[in-house]
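Visitor: Start from the sequences, fold in the hints, and give me the full structure.
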Amino acid sequence: MKNFFPKLSLNKKLALLAFILGLIAIFAGNPYRGSSVTLDTKELSLIVDKTVDHVSAEELADWIIQGKSDFKLLDLRTEKEFNEYHIPSAELVPLAELNQYPLLRNEKIVLYSEGGIHSAQAWMLLRANGYKAVYMLFGGLEEWADKILFPKLAQNATPEQTTAFEKMKEVSKFFGGSPQVGGATEEVSSKKPMPKLEMPTGGSAPTAGKKKKKEGC
Amino acid sequence: MNTPFFKYGLFGDDVSLVIAFVIGIGFGFFLERAGFGNGRKLAAQFYFNDLTVFKVMFTAIITAMVGIYYLSVIGWMDLSLVYLNPTYIVPQTIGGLLLGFGFVIGGYCPGTSCVSAVTGKIDGMVYLLGIVVGIFIFGEIFPLVSNFYNSTPMGQITLSQLFNIPYGILVFAVVMMAIGGFAAAEWAEKKLGNKIVEP
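Listed in order, the protein sequences are those of chains A and B.
Sequence positions in the first sequence follow this note's numbering and run 1 to 217.
Sequence positions in the second sequence follow this note's numbering and run 1001 to 1199.
Worth double-checking, as some hints may not be accurate.
As the list claims (entries may be wrong) - Here are the in silico distance ranges between beta carbons for each label pair:
no., chain 1, residue 1, chain 2, residue 2, range
1, A, Ala96, B, Pro1143, 37 to 43 Å
2, A, Asp70, B, Leu1192, 46 to 52 Å
3, A, Pro94, B, Ile1074, 21 to 27 Å
Said to hold, decoys possible - Simulated pairs of lysine to aspartate or glutamate, DMTMM-like, Cα-Cα distance not exceeding 20 Å:
no., chain 1, residue 1, chain 2, residue 2
4, A, Lys12, B, Glu1189
5, A, Lys68, B, Glu1186
6, A, Lys167, A, Asp62
7, A, Lys132, B, Asp1013
8, A, Lys108, B, Asp1013
9, A, Lys108, B, Asp1014
10, A, Lys72, B, Asp1013
11, A, Lys132, B, Asp1078
12, A, Lys13, B, Asp1013
13, A, Lys173, A, Glu59
14, A, Lys68, B, Asp1014
15, A, Lys152, A, Asp62
16, A, Lys132, A, Asp49
17, A, Lys12, B, Asp1014
18, B, Lys1055, B, Glu1186
19, A, Lys12, B, Asp1050
20, A, Lys169, A, Glu59
21, A, Lys108, A, Glu97
22, B, Lys1190, B, Asp1013
23, A, Lys72, A, Asp62
24, A, Lys108, B, Asp1078
25, A, Lys152, A, Glu170
As the list claims (entries may be wrong) - Take a look, some chain A residues computed to stay more than 12 Å from chain B by CB distance:
no., residue
26, Glu58
27, Leu92
28, Asn106
29, Ser178
These are computed hints drawn from the structure, not numbers from a lab.
C-beta atoms are modelled at their ideal positions from N, C-alpha and C, and glycine is treated no differently.
Guide: Spelled out as structure tokens, the structure:
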């Protein structure tokens, strides 16, 4: 019996090892984690500090234009707001239903809400639940509207700013937005008409008369 | 550290291609060293002459399975992050049979045909050309077959979920299958394999 193991051929030793590991596996339990979670607060605060939990509006626009499909875009606002306007490819998930929403832990998830608060809260919920690749749209839909749908070019813009704006114009048109040149506007209104939902098709810009600027320059 | 790294932006597209290249070269190298660049050796398994392919594949399966299982149980790896290919049972069964027929007829599977082609074997190159033509045809007729392609979806399901048995028991069962398979393979090689002389 003492010489039993060394006498075996390598193949048989490996088979025996596999058998033992298989046998232990019966009692070792489930490889999938249950519902209990541990939260690495240090890791989380580092992520927040480095702002790697953010996706900028430009980045997101780029992904959508490129037709990337390796991420899920979740809209956390109400159904009414969602029906009025949402970023193309977004899915409506009210915050209260986030826990039941079918998401995979290995999915890249991008969250957005009107501003940033709801998406930050949802981000925390998902992170605590073990979803690792969760990102927030920086500045929420407000920033999306400012940067992508209605980008502005100041009258005293530098040449670099103008070049950047020319690029943004194309992006904006893709999403049915309306870029704006020049500084002063007669009326200051916080409400801009959101583009129609059929986009992105390319050429459906809202009528010029309704364009309003949010801030003065 | 958790798998997979790419999705979480630990590295970008460029680096991921470099990593894929390195892994691919490594994979090809070991296939070649195991003799899998030779269509005769691969086809020999269907005549029970030489069951190396069967043994290598099953070894890879149980090594990976046991490794992933224990790494997950001790918490070094998060299995819920690993991508599962969704199951479409009928189209995938037919696809598997097609691949099997092609394997017997041509003597290669897709990976080994690449290995064979780059080691200068003409049959490997012809096989690889066939794959490319096949991909092209499939791509062109995809709108016609897409309904079938997406039929009988079962989602991202595992055997353990399907049969409602604990993962540990499944691990044990697969290990036993492998050990039984190895023993049967050795027996078959001795008993049946002598009839055809390998060139």
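Visitor: Work down the list of hints and note, for each, if the structure agrees.
Guide: Quick rundown of the hints versus the structure:
1. Checked against the given bound of 37 to 43 Å, the beta carbons of A/Ala96 and B/Pro1143, roughly 40 Å apart, stay inside it.
2. The hinted range of 46 to 52 Å is satisfied by A/Asp70 and B/Leu1192, whose Cβ atoms lie roughly 48 Å apart.
3. For the pair A/Pro94 and B/Ile1074, the supplied restraint of 21 to 27 Å is violated, since their beta-carbon distance comes to about 38 Å.
4. Restraint check for A/Lys12 and B/Glu1189: satisfied, since their Cα atoms lie roughly 17 Å apart, inside the 20 Å limit.
5. Taking the CA atoms of A/Lys68 and B/Glu1186, the gap is about 49 Å. The hint is violated against a cut of 20 Å.
6. Annotation: proposed proximity of A/Lys167 to A/Asp62 holds, straight-line Cα distance about 12 Å (limit 20 Å).
7. Annotation: proposed proximity of A/Lys132 to B/Asp1013 holds, straight-line Cα distance about 19 Å (limit 20 Å).
8. For the hint pairing A/Lys108 with B/Asp1013, the CA-to-CA distance comes to about 15 Å; that is within 20 Å, so the pair holds.
9. Between A/Lys108 and B/Asp1014, the direct Cα distance comes to roughly 19 Å. Compliance with the 20 Å bound is thereby established for this hinted pair.
10. For a cut-off of 20 Å, the pair hint linking A/Lys72 to B/Asp1013 stands: about 19 Å separates their Cα positions.
11. Among the hinted pairs, A/Lys132 with B/Asp1078 is consistent with the structure: their alpha-carbon atoms are about 10 Å apart, no more than 20 Å.
12. Proximity of A/Lys13 to B/Asp1013 is assessed by CA-CA distance (about 42 Å); at most 20 Å being required, the pair is judged violated.
13. At roughly 16 Å between alpha-carbon atoms, A/Lys173 and A/Glu59 fall within 20 Å of each other, so this suggested pair holds.
14. The suggested pairing of A/Lys68 with B/Asp1014 holds, with an alpha-carbon distance near 16 Å, which does not exceed 20 Å.
15. Straight-line distance between C-alpha atoms of A/Lys152 and A/Asp62 comes to about 18 Å, which keeps the hinted pair within the 20 Å bound.
16. In summary, the hint linking A/Lys132 to A/Asp49 is supported, as the alpha carbons are separated by about 16 Å, within the 20 Å threshold.
17. Distance restraint check for A/Lys12 and B/Asp1014: the Cα-Cα separation of roughly 43 Å exceeds the 20 Å cut-off, and the hinted pair is therefore not satisfied.
18. Taking the CA atoms of B/Lys1055 and B/Glu1186, the gap is near 10 Å; set against the 20 Å cutoff, the hint holds.
19. For the given pair, A/Lys12 sits about 19 Å from B/Asp1050 by alpha-carbon distance, which is consistent with the 20 Å threshold.
20. This hinted pair checks out: A/Lys169 and A/Glu59 have alpha carbons roughly 15 Å apart, not beyond 20 Å.
21. Taking the CA atoms of A/Lys108 and A/Glu97, the gap is near 18 Å; set against the 20 Å cutoff, the hint holds.
22. Taking the CA atoms of B/Lys1190 and B/Asp1013, the gap is about 49 Å. The hint is violated against a cut of 20 Å.
23. Proposed proximity of A/Lys72 and A/Asp62 is supported: the alpha carbons are some 15 Å apart, at most 20 Å.
24. For the hint linking A/Lys108 to B/Asp1078, the alpha-carbon distance of about 16 Å falls within 20 Å, and the restraint holds.
25. This hinted pair checks out: A/Lys152 and A/Glu170 have alpha carbons roughly 13 Å apart, not beyond 20 Å.
26. The claim that A/Glu58 lies off the interface holds: its Cβ sits roughly 16 Å from the closest Cβ of chain B, which is beyond the 12 Å cut-off.
27. No beta-carbon of chain B comes within 12 Å of the beta-carbon of A/Leu92; the shortest separation is about 22 Å.
28. With a minimum CB-CB distance of about 4 Å to chain B, A/Asn106 fails to clear the 12 Å threshold, and the non-interface call is violated.
29. For A/Ser178, the condition that its CB be more than 12 Å from all CB atoms of chain B holds, with the nearest at approximately 32 Å.
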